[in-house]
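Residue numbers for the sequence shown follow this note's numbering, beginning at 116 and rising by one.
In short, the hints are calculated from the structure, not lab data. None of these values were measured; they are calculated from a predicted model. Honestly, I wouldn't trust all of these hints.
As the list claims (entries may be wrong) - 27 Å max Cα-Cα, derived DSSO-like pairs, lysine-lysine:
1) Lys178 with Lys390
2) Lys458 with Lys424
3) Lys493 with Lys456
4) Lys390 with Lys456
5) Lys147 with Lys543
6) Lys197 with Lys120
7) Lys143 with Lys550
8) Lys406 with Lys466
9) Lys390 with Lys319
10) Lys197 with Lys177
11) Lys120 with Lys132
12) Lys137 with Lys407
13) Lys319 with Lys222
14) Lys147 with Lys456
15) Lys181 with Lys390
16) Lys493 with Lys181
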Amino acid sequence: MDEFKSQIDNLATLAGKNNCIKPELHSKYNTKRGLRNNDGTGVLIGLTEIGEVSGYNYEDGKKLPKEGELYYRGYEVSELVKGYRKEKRFGFEEVCYLLLFGELPSKEQLNSFEEMLAEYRCLPNGFTEDMILKAPSSDIMNKLARSVLTCYSYDDNPDDIGIANVLRQCVELVARFPTMAAYGYQAKAHFYDNQSLFIHLPQKNLSTAENFLHLIRPGNQYTELEAEILDLNLIIHAEHGGGNNSAFTTHVVSSTDTDTYSAVAAAVGALKGPKHGGANIRVMRMIEDIKKNVPNWSNEKALEDYLAKIARKEAYDQSGLIYGIGHAVYTDSDPRAVLLKSKAHELAKEKGMEEELELYVNIEKYAPGVLADVRGIKDVRTANVDFYSGFVYTMLNIPMELYTPLFAVARIPGWCAHRLEELVSGGKIIRPAYKNVSEKRNYVLLEDR
Numbered sequence: 116m117d118e119f120k121s122q123i124d125n126l127a128t129l130a131g132k133n134n135c136i137k138p139e140l141h142s143k144y145n146t147k148r149g150l151r152n153n154d155g156t157g158v159l160i161g162l163t164e165i166g167e168v169s170g171y172n173y174e175d176g177k178k179l180p181k182e183g184e185l186y187y188r189g190y191e192v193s194e195l196v197k198g199y200r201k202e203k204r205f206g207f208e209e210v211c212y213l214l215l216f217g218e219l220p221s222k223e224q225l226n227s228f229e230e231m232l233a234e235y236r237c238l239p240n241g242f243t244e245d246m247i248l249k250a251p252s253s254d255i256m257n258k259l260a261r262s263v264l265t266c267y268s269y270d271d272n273p274d275d276i277g278i279a280n281v282l283r284q285c286v287e288l289v290a291r292f293p294t295m296a297a298y299g300y301q302a303k304a305h306f307y308d309n310q311s312l313f314i315h316l317p318q319k320n321l322s323t324a325e326n327f328l329h330l331i332r333p334g335n336q337y338t339e340l341e342a343e344i345l346d347l348n349l350i351i352h353a354e355h356g357g358g359n360n361s362a363f364t365t366h367v368v369s370s371t372d373t374d375t376y377s378a379v380a381a382a383v384g385a386l387k388g389p390k391h392g393g394a395n396i397r398v399m400r401m402i403e404d405i406k407k408n409v410p411n412w413s414n415e416k417a418l419e420d421y422l423a424k425i426a427r428k429e430a431y432d433q434s435g436l437i438y439g440i441g442h443a444v445y446t447d448s449d450p451r452a453v454l455l456k457s458k459a460h461e462l463a464k465e466k467g468m469e470e471e472l473e474l475y476v477n478i479e480k481y482a483p484g485v486l487a488d489v490r491g492i493k494d495v496r497t498a499n500v501d502f503y504s505g506f507v508y509t510m511l512n513i514p515m516e517l518y519t520p521l522f523a524v525a526r527i528p529g530w531c532a533h534r535l536e537e538l539v540s541g542g543k544i545i546r547p548a549y550k551n552v553s554e555k556r557n558y559v560l561l562e563d564r
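Sequences are here, hints too, so could you generate the full structure?
Right, dumping it as structure tokens:
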């Protein structure tokens with residue numbers, strides 16, 4: 116309330132003062148801030164068989180760059196994608212099966228699984244009206260988290276953490292995430308942006324990618340290439356190892372033996388953060404700034420000079436970051452970006468946006484050298500998947516509000532796989548240590564303070 120604003124401001128100053136840990140204490144006690152070692156690698160706190168991210172080798176104690184690799188259950192993602200393309204079919208549903216059950220399905224198993232997803236795609240009776248339309252949100256990730264928690268109330272057996280029951284819950288969530296995200300967007304567009312309300316029913320004969328485009332577009336229309344590239348986007352975002360923030364959140368919360376909906380809602384909350392799921396939005400906003408300041412996109416010298424200004428904190432948001440360039444693990448290449456960039460060329464040609472794609476290619480070309488020259492950062496060699504995913508969504512005419520929810524739609528099978536792994540193989544509640552560095556004090560009576 117306005118009457119408390121000055122009081123809150125003063126309390127905020129006090130809270131800020133009394134929550135500041137001196138940086139030198141981290142060195143003194145050798146803390147692993149962000150659960151990272153001094154060389155930037157993640158602290159090993161668990162084992163997984165679900166996903167593997169490989170971006171460098173170690174030889175004689177030295178970190179050596181290499182082309183990035185991403186594996187789902189031991190299968191390299193690029194090989195999976197190659198197989199789907201050869202057979203001219205969508206692959207996300209098979210990836211979901213692989214992540215959840217640990218092996219590739221037979222044709223009959225895949226058909227059965229797809230039929231199950233098709234049956235679960237529609238939300239429970241009354242869910243759309245009571246949960247989504249009566250309580251719209253300006254942020255669809257917030258709505259998605261609340262929708263997941265509300266599923267608890269529609270489940271006859273929500274707290275049973277037996278594997279069969281958790282699997283049933285997981286399959287339902289994998290099927291319903293696209294619908295919940297799409298309906299959440301439609302409600303936001305109607306109640307907050309004064310647009311017409313479109314609530315389309317999911318179609319049983321469509322893939323996840325096709326259904327999502329069907330649900331968010333007023334006329335339900337999409338091209339085959341549009342559905343193909345969205346399917347690819349879902350595949351390459353489905354899993355990224357147990358150490359990524361939202362997957363680790365799933366492990367942490369699941370280790371308490373809580374219900375599936377609480378664990379998945381926590382993962383959604385983790386992904387909502389702009390340092391995790393919102394990275395491609397940061398890229399898109401940076402690109403818009405570059406377009407304004409470098410009107411001739413083909414002028415590579417002007418582009419390189421402006422990137423140098425960004426790196427010197429003289430332009431854009433003064434962070435010194437060129438968003439979408441570099442990755443915490445991948446060095447010479449991000450395999451997801453490689454796959455997406457290849458397909459983006461096809462879509463750019465269909466949409467007449469080849470000139471804009473060339474701008475992205477040139478930024479990727481010059482940014483590593485700029486960062487090395489201006490900031491001395493010499494280990495950044497490549498663009499990451501976020502650099503191209505936002506542009507792909509733009510070509511698909513997908514609103515920016517849906518970028519991170521789409522990430523969640525893709526990542527839900529990975530989260531569910533990690534929840535199952537924690538329930539089966541974890542056994543211990545995850546509880547790392549924090550050292551208290553405050554001074555001991557004696558209590559002072561209120562009247563003496």
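Results of checking the hints against the structure:
no. : hint               : result
1   : Lys178 with Lys390 : holds, 25 Å
2   : Lys458 with Lys424 : violated, 31 Å
3   : Lys493 with Lys456 : holds, 23 Å
4   : Lys390 with Lys456 : holds, 22 Å
5   : Lys147 with Lys543 : holds, 21 Å
6   : Lys197 with Lys120 : violated, 58 Å
7   : Lys143 with Lys550 : holds, 11 Å
8   : Lys406 with Lys466 : holds, 19 Å
9   : Lys390 with Lys319 : violated, 35 Å
10  : Lys197 with Lys177 : violated, 33 Å
11  : Lys120 with Lys132 : holds, 18 Å
12  : Lys137 with Lys407 : violated, 40 Å
13  : Lys319 with Lys222 : holds, 18 Å
14  : Lys147 with Lys456 : violated, 35 Å
15  : Lys181 with Lys390 : holds, 25 Å
16  : Lys493 with Lys181 : holds, 15 Å
Checked against the numbered hints listed earlier, the structure breaks hints 2, 6, 9, 10, 12 and 14; every other hint is satisfied.
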